[in-house]
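Engineer: Sequence:
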Amino acid sequence: MEVVHINTQIAIMFVAYSALMLFIGFYFYKQNKNSEDYFLGGRSMGPVVSALSAGASDMSGWLLMGLPGALYVSGLAESYIAIGLSIGAFLNWAFVAKRLRIYTSVIANSITIPDYFETRFDDDKHILRVVCAIVILIFFTFYVSSGLVGGAKLFEATFGIQYDYALTTGTVIIVAYTFLGGYKAVCWTDLIQGLLMMGALIVVPIVMIYHLGGFSEAMSIVKEIKPNTFSMGEGLSFLGIVSALSWGLGYFGQPHILVRFMSIRSTKDIPVATFVGISWMVVSLIGACLIGVLGIAYVSKFELSLQDPEKIFIVMSQLLFNPWIAGILLSAILAAIMSTASSQLLVSSSTIAEDFYKRIFNKEASNKMVMTLGRFGVLAVAVIAFIISTDKNSSVLSIVAYAWAGFGASFGSVMLFSLFWSRMTRYAAIAGMITGAVVVVVYKNFLAEWFDFPIYEIIPGFLAASIVIIIVSWMTKVRPGTKAAYETMLKHL
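Numbering (my numbering), first residue to last: 1 to 493.
Simulated from the structure, these hints should not be mistaken for laboratory data.
We put the CB at the ideal spot given by N, CA and C, even for glycine.
Be aware that one or more of the hints could be misleading.
To be verified - Listed below are the simulated BS3-like cross-link pairs for lysine-lysine, each with C-alpha atoms no more than 27 Å apart in a straight line:
(1) K125 <-> K358
(2) K477 <-> K125
(3) K301 <-> K226
Stated by the list, open to error - Ranges between beta-carbon positions, derived for each pair:
(4) F361 <-> V272: 49 to 57 Å
(5) K483 <-> A16: 50 to 58 Å
(6) Y27 <-> F376: 17 to 25 Å
(7) I12 <-> D391: 27 to 35 Å
(8) W421 <-> N362: 32 to 40 Å
(9) L447 <-> A19: 30 to 38 Å
(10) G213 <-> F376: 41 to 49 Å
(11) R423 <-> I455: 25 to 33 Å
(12) F215 <-> M369: 53 to 61 Å
Build out the structure end to end from the sequences listed, making use of the hints.
Structural biologist: Here it is as structure tokens:
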């Protein structure tokens, strides 16, 4: 039953959904008058759009494929990652959003994360900007490739077409509306995609419960098949639980999420955005967890064959709904992948056009030139990511975890200290950023196996970066004007 045949109705819904996304890209094409419009939407995004865009661009296909599959295999023990992410997202909105929005608009007109770091520390040598840009381009190229692989596997599983054709189709759709519409197109498509994802994660488990004869009946079947499903600590050591929860640390350093705080219309919108964003996230995560657990009962009761646990959502969508509805539900997976990949492509292109070209090589560059280069930056990163994605056996989840840790340790530590400690210095920011990235890479590839110490690499990376920031800050002087700018930011809180 897991083999999927091409279905006309599902194909029509996929085409219709993709056409809607491309239409939004065309619609916003003529509304981008300058680079701030293209990369930040003119700082005009309302709270609901900002919140759902942050959530949708964050979750990717992991929400509808990876998390349900993990709970199907290991039970609620895997939900610690979801708990850690929820806590991290809330703290990010509660403590980082307002300060970052104020600093990047009131203190200086910063439209990228490297922009912010350079102005915050008065780095006239552009060292921070270059380090930021290198980290962003390296990690996001792999991050985008993981999304392209996920999209290709969705098309492959749904329509039975060859992997290479599936990869090309997904890549063209994502690149097209990011290339044309810029930030506004990405945010408005994220709004639609976020609502579609949440709707699918509410509807599918409800229908599963109905077919299983009620929630109590479903749970009794699960307990009979896998008694340890509901044990939160089963099979996990204390370090394993800490590692799973530490995913929340990554939020403070994700450029494609932080840029949502910079683009929100006003700081007064942040409380509403926080409520909407966290509500969306909690409801969606609960739905994803339920699909994984209920899938255990459904597969057993109806004697299905499920070789790949990550396809439980796909299988349930096709078995429980007519093809038209199934097409909409399966589009939710495409939505999750597209929303994340497009946001990452946009941040990568802004790094090339704004941070490298305009700020370092041609400060007199026109807005039209920067936007044009930004669009070609989207193409350049997409081409490299496409080449990496041609290996269909690449480990999507491990690449995502690696990039998440890299950003969380290198950018996250510097971001928090920069917003909450006036004594932090330029050299501390540079040293902390490099330390975080290097420790993640070295620990993941060498030290973890050598020490046999099973802990997520974001923890040693984040701690090492934080220690370095504190030590170097006390050893070096704060640059003139940066403390005054910090005090100005505090007055606007």
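Engineer: Are the hints correct? Go through all of them and say.
Structural biologist: Structure-based check of each hint:
1. Proposed proximity of K125 and K358 is supported: the alpha carbons are some 15 Å apart, at most 27 Å.
2. With a C-alpha separation of about 16 Å, the suggested pairing of K477 with K125 holds against the 27 Å cut-off.
3. Between K301 and K226 the alpha-carbon distance is near 13 Å, which keeps this suggested pair within the 27 Å criterion.
4. For F361 paired with V272, a C-beta distance near 40 Å fails the hint of 49 to 57 Å.
5. Range check, K483 to A16: Cβ separation about 55 Å, and the 50 to 58 Å hint holds.
6. In this structure, Y27 and F376 meet the distance hint of 17 to 25 Å, their C-beta atoms being roughly 21 Å apart.
7. One distance hint, 27 to 35 Å for the beta-carbon pair I12 and D391, holds here, with the actual separation near 31 Å.
8. The hinted window of 32 to 40 Å between W421 and N362 holds, with their beta carbons roughly 34 Å apart.
9. The given range of 30 to 38 Å is broken by L447 and A19, whose C-beta atoms sit roughly 49 Å from each other.
10. The hinted window of 41 to 49 Å between G213 and F376 is violated, with their beta carbons roughly 56 Å apart.
11. Separated by about 30 Å at the C-beta atoms, R423 and I455 satisfy the suggested range of 25 to 33 Å.
12. The supplied range of 53 to 61 Å is met by F215 and M369, whose beta-carbon atoms lie about 59 Å from each other.
Checked against the numbered hints above, the structure violates hints 4, 9 and 10; every other hint is satisfied.
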